[in-house]
Structure formats: C-alpha cells, structure tokens
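**Student:** Produce the complete structure using the sequences and hints provided.
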Amino acid sequence: MLDIYDFYDKMERNNIMLSFKGDITSELLTSILQIMESKLDNLQEEPKIKKKVYNVLVECLQNLYHHMDEVAPEENDAIRSAIFMIGKLDNQYNIVTGNYIKKENVEGLKKRLEDINLLSKEELKEYYKAVLNNGEMSMKGGGGLGMIDIARKTGEKLNFNFSPVDDKFSFFSLNIKISQ
Amino acid sequence: METISIEGTPKTPTIIFDTGKGFLEIKGRSIPENSIEFYKPLVDWLEKYAAKPQAATNVNVQLEYFNTSSSKCILDVFKKLEAINKGGSTVVINWYYEEDDEDMLEAGEDYQAIINVPFKMVQVAE
Numbered sequence: 001m002l003d004i005y006d007f008y009d010k011m012e013r014n015n016i017m018l019s020f021k022g023d024i025t026s027e028l029l030t031s032i033l034q035i036m037e038s039k040l041d042n043l044q045e046e047p048k049i050k051k052k053v054y055n056v057l058v059e060c061l062q063n064l065y066h067h068m069d070e071v072a073p074e075e076n077d078a079i080r081s082a083i084f085m086i087g088k089l090d091n092q093y094n095i096v097t098g099n100y101i102k103k104e105n106v107e108g109l110k111k112r113l114e115d116i117n118l119l120s121k122e123e124l125k126e127y128y129k130a131v132l133n134n135g136e137m138s139m140k141g142g143g144g145l146g147m148i149d150i151a152r153k154t155g156e157k158l159n160f161n162f163s164p165v166d167d168k169f170s171f172f173s174l175n176i177k178i179s180q
Numbered sequence: 001m002e003t004i005s006i007e008g009t010p011k012t013p014t015i016i017f018d019t020g021k022g023f024l025e026i027k028g029r030s031i032p033e034n035s036i037e038f039y040k041p042l043v044d045w046l047e048k049y050a051a052k053p054q055a056a057t058n059v060n061v062q063l064e065y066f067n068t069s070s071s072k073c074i075l076d077v078f079k080k081l082e083a084i085n086k087g088g089s090t091v092v093i094n095w096y097y098e099e100d101d102e103d104m105l106e107a108g109e110d111y112q113a114i115i116n117v118p119f120k121m122v123q124v125a126e
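Note that the protein sequences, when read in sequence, are chains A and B.
Counting along the first sequence from 1, when you hit position 29 you're at 29 in the numbering used here, and nothing is skipped either side.
Counting along the second sequence from 1, when you hit position 14 you're at 14 in the numbering used here, and nothing is skipped either side.
No lab work stands behind these hints, which were simulated from the structure alone.
It is possible that some hints are incorrect.
Unchecked claim - Computed cross-link-like contacts, DSS-like style, restricted to lysine-lysine with a CA-CA straight-line distance of at most 25 Å:
#1 A:K48 - B:K120
#2 A:K153 - B:K120
#3 A:K125 - B:K79
#4 A:K153 - B:K27
#5 B:K52 - A:K129
#6 B:K27 - A:K50
#7 B:K27 - A:K48
#8 B:K21 - A:K129
#9 A:K129 - B:K86
#10 B:K120 - A:K125
#11 A:K39 - B:K27
#12 B:K120 - A:K129
To be verified - Away from chain B, derived, C-beta distances all over 10 Å, residues of chain A:
#13 S38
#14 L43
#15 E45
#16 Y65
#17 L89
#18 K111
#19 I116
#20 N117
#21 S163
#22 D166
#23 D167
#24 S173
#25 K177
The model shown is predicted, which means the values in this text are computed figures rather than measured ones.
Each residue gets a CB set at the ideal place from its N, CA and C atoms; glycine is no exception.
**Tutor:** What follows is the structure, given as structure tokens:
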C-alpha cells in the first residue's frame, strides 16, 4: 500500500503547488493553466515573473501533449501517461515533467538538447530565429522551437535525464528552473 | 469589402480584419495546441486581400502570451503582409508589449529582423 504521508511529506518539502500524472489532454492543459494562473495571481508575483512562468509552463505542457501522439496510440494507457509537477522553493520555480519516449528517439533528442545547452544567450536568439524562419512546420506547428524557447526564457541550461525502462522505451525527464 | 472577426477564447486571440479600412488586429492570447488550424482562415483572408488591398494596411498585434506553436503561424501571417507591402499597400505592424515584458519585446524584434515591413514597438502600461 502506498504510504500517502510519505508522499505528502515529499511534496510539502518541495513546496509542490500542482502535480498531475496521467493522460495529457487539451482540456486538462486548459484546466492546469487556469489553476496555475490564479495561483500565480494569489502569490502576487511580479507580472514579469508571472508571464515567464506561465510561458514556460505552456511550452512544457504542450511538449507533453504533442509527445503523447508520437508515443503511438496503439500503446497501452500506462505508456501514454506522463507526469508534471510545479513547485516554488527559495524564490525559484521548478517545473518537472516526465514521459515515455521510444528508445530509437533517445539519441536524437539528447543530441538536440545538448546542442541547445552549448549556446550562449545571443546564440540562442539567433538559433531561435533560424528555426522560426526555416520554413518547416511540424504537424502541430511547433517545429522544434519549444526547447529553444524554454532555454532562452529561463536563461538556464536544460536539465534532463533518460532512464531505461525496457527494450522499447526510456523515461525522459526534464527539470526546468525559473529564478526570480 | 467586409469585416471578418474571430472571437477570442482563453487559448486563442480575438482577430478583427476590416478589409475596407485596411485594418487588422490580433489581440489576446495565442496558446492553442494546434495553431495551424486556428490561423488558416486568417492566412486565407490575407491571401484574398492581397489581390485588392487598401493603400495603407495597419496591423496591431497585442498579445499577452503566445506559444512556439503560434510563432511560426504568426510568421506566416507576417510573410503575407510582407507580400502585400511589396504589392503596393503601405503596411505597418504595431507590436504591443507591456512595460517590463522584455520577452515580448524581444519576440517582436525577432520578427522585425526577419520580415521586411516597418515595425513599431509600442509600450503599454501593465
């Protein structure tokens, strides 16, 4: 049986404001964003911080959402499930996401994130413009800008990890920090 | 000549396009999961408008938030405006940003660097 107090205690110590595990739908994203917006209002954050957190949150959540489709609809519900948490500790917002990824896609994503992490603020700006203007559209319109945008807006390196799950899947986690 | 409008939602902006006055406004939030679908009608209207534009075309873009999925679609809209500007209508894009919102100002400057149309950066109070 799950020790719910242990669970609660961990969330409390990390000052988790909201967390979710399950299938990521468009309606869910709308609800999460509404809840987080009112929480940020209640905390009376500066508009600048509020906007940054909200923007980065949108990108993180929509990454998860679009990724659900890629993992393939034929997979079972557990594989289509993802986790998301947001907390605020020592004046820093932490957004953590986790989702399954097909093993064959790990290397490509890892390379992409490592490449982004090598870039300076100015280089990120140039890279963003180049990808924005490269004429390629992904099915949903993102076209690979999400991670560059997150790195640019937070001014931090992307902190990520891949945990092997089985012969078909790994679990990809991303930990984003937004400082005041 | 007609006015075309799309009412805003929590995830999509209000769009007003008064083709008789040569005025286009995009205002609100643009964070839909599927932005291509959302922006397609606007891109189509601009295509039609390009055939017989007004002498001047004024564009107001006043976005509170927009996601990266929208950013490529907004670029497509601006590319249509670039063609209209080349085709004889004097286009001006007014890019609104709230004071202190450096990210939004930078986003406007990114477009300004790519699109060959005069941009005006307009600061508004929060």
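**Student:** What are the numbers of the hints the structure violates, in ascending order?
**Tutor:** 5, 8, 16
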